[in-house]
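K.L.:
Each chain, letter by letter, is given below.
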Amino acid sequence: MAKPAQSAADEEAYAEFMSRAYTMELEAVERYAQFADQLDTHNNREVAQLFRKLSEIETLHAKRILAEMRWPSLPALPAAFAWDSFEAPETAPFDTVHYLMRPYHALEIALRCELQAQKYYEEIAAGTAPRRVKLAAKEMAAEEAEHVALIREWMKKVPQPAPGWDEDPDPPQIND
Amino acid sequence: MNAPLASTALAAKDFKSDYKPVWCPGCGDYSVLTAVTKALASLNLRPENVAVVSGIGCSSRIPAYTTCYGFHGVHGRSLPAGTGLKVARPDLTVLVASGDGDGYSIGGNHFLHACRRNVDLTYIVMDNHVYGMTKGQPSPTTEPDWSSKLAPGGTGVREFHPLVIALASGANFIARAFSGDPNGAAALIAEAVRHPGFSFIEVLSPCVTFRPEQRGWKESARPAPVAHTDDPARAARRLMTDDGFNIGVLYKGNRAPYAGLATAASHSVADLEAGFRLQER
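Taken in order, these protein sequences are the chains called A and B.
At position 93 of the first sequence (counting the first as 1) the number is 93 in the numbering used here, and the numbers step up by one without a gap.
At position 78 of the second sequence (counting the first as 1) the number is 78 in the numbering used here, and the numbers step up by one without a gap.
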């Protein structure tokens, strides 16, 4: 990432920005891993595997931020930041999974998250942050745009769910 | 801002056991488990110094999913068990977990008296307005017009307002969290544990299987517009206009927690054992 000479205040703003970016990645890692566990438990191995892969991909992104900032590996999430909504822009809402969901649905979730992350960084890049933060945000937005394109390509290779994909002949909510 | 530093303190994952939860995918209780483990890590506690006590129901499975001491007790009786434990072992941090059926119906009476006694513990109720584990019966917090196969046309019975009951009964800390905000819920749980006396947190925790419409809670839940108060009358007035989706601390009281018995127990464990020994005739 470009590193023009900056004031101490700008350095601090940059470190905070990167810390936020790191938190975003870690929260995404955690949520995808949680989804993978949920679907493993409910014998939807195919989707569980896909969420596990998404979690691994986000882990790589988080590690890159650590390397960039020369921060030690963290055993825990840093303190939560106040986001515009309850969770970070790249975190999938906890209730978006279904026990019968198909890989296509998982990719739809990932696509939404990447688009939100891209928008988040684009807004910072277009805002009034110090130059170094804006530059970093621009790079991050470009990376997220790449991820969006990759997921869209991935979705082309995965069959679209047939109508009635969530029909279960023995559903859990039957009560007679 | 300083770079985040590696710490020797335990992380949230250290409070999660190897047992994978069997809740339905998308259930709000997963986030509550995350929030509890994050709260315990943020408080710098150790699993061996924490006990998680529960009753029966989906939410009450939570002790097994933590590495803390756990007690998965009798339906509706999580509070008596947790109260007894805290009084006997005041050195432990005691979290009591329940659901709206377990906590407000079967254990409703215990809820009132736990608020009144003000023993220093934290009561977390995962409220999804339905009995999920037993397949969708209306619970005390179910809306009167919620129609289902088991209650066609709805129960027609006015729902229970847990925060009102807690305030009227003397709880010393009252808050509402939302499982769609696990970081916020973790902060509230940590604050509740720190506050002396009986702390009550209602967590809105959607049941995606029997109440899929509760996915809409994401759009309704929002931070409470005003800060907490230590004035019960003011808290009561706020509750008059509460629609059930204000998230945050409502009330933090100053009542001293239950201090235990004035005199030490005169019986030892050996005495108790002797009392239960079978007598030969």
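These are calculated hints, taken from the structure and not from any lab test.
Ideal Cβ positions, reconstructed from N, Cα and C, are used throughout, including at glycine.
Heads up, a few of these hints could be off.
The calculated lysine-lysine pairs, modelled on DSBU-like cross-linking and capped at a C-alpha distance of 35 Å, are [claimed, not checked]:
#1 A:134 / B:13
#2 B:218 / A:63
#3 A:63 / B:20
#4 B:16 / A:63
#5 A:156 / B:135
#6 A:157 / B:218
#7 A:53 / B:252
#8 A:63 / B:252
#9 A:53 / A:156
#10 B:135 / A:53
#11 A:53 / A:134
#12 A:138 / B:218
#13 B:20 / A:138
#14 A:157 / B:135
#15 B:20 / A:53
#16 A:134 / B:218
#17 A:53 / B:149
#18 B:13 / A:138
#19 B:135 / A:119
#20 B:252 / A:156
#21 A:156 / A:134
#22 A:53 / B:218
The following label-pair restraints were derived from C-beta to C-beta distances [to be verified]:
#23 A:172 / B:232: 35 to 43 Å
#24 A:119 / B:223: 47 to 55 Å
#25 B:143 / A:128: 40 to 48 Å
#26 A:128 / B:225: 23 to 31 Å
Selected chain A positions facing chain B (in silico; Cβ < 7 Å) [claimed, not checked]:
#27 7
#28 42
#29 46
#30 49
#31 99
K.L.:
Work down the list of hints and note, for each, if the structure agrees.
P.N.:
Status of each hint after checking the structure:
no., hint, in the structure
1, A:134 / B:13, "holds, 34 Å"
2, B:218 / A:63, "holds, 31 Å"
3, A:63 / B:20, "holds, 26 Å"
4, B:16 / A:63, "holds, 23 Å"
5, A:156 / B:135, "violated, 38 Å"
6, A:157 / B:218, "holds, 32 Å"
7, A:53 / B:252, "violated, 44 Å"
8, A:63 / B:252, "violated, 41 Å"
9, A:53 / A:156, "holds, 18 Å"
10, B:135 / A:53, "holds, 34 Å"
11, A:53 / A:134, "holds, 30 Å"
12, A:138 / B:218, "holds, 30 Å"
13, B:20 / A:138, "violated, 39 Å"
14, A:157 / B:135, "violated, 38 Å"
15, B:20 / A:53, "holds, 19 Å"
16, A:134 / B:218, "holds, 31 Å"
17, A:53 / B:149, "violated, 40 Å"
18, B:13 / A:138, "holds, 33 Å"
19, B:135 / A:119, "violated, 41 Å"
20, B:252 / A:156, "violated, 54 Å"
21, A:156 / A:134, "holds, 33 Å"
22, A:53 / B:218, "holds, 27 Å"
23, A:172 / B:232: 35 to 43 Å, "holds, 42 Å"
24, A:119 / B:223: 47 to 55 Å, "violated, 22 Å"
25, B:143 / A:128: 40 to 48 Å, "holds, 46 Å"
26, A:128 / B:225: 23 to 31 Å, "holds, 28 Å"
27, 7, "violated, 14 Å"
28, 42, "holds, 6 Å"
29, 46, "violated, 14 Å"
30, 49, "violated, 15 Å"
31, 99, "holds, 5 Å"
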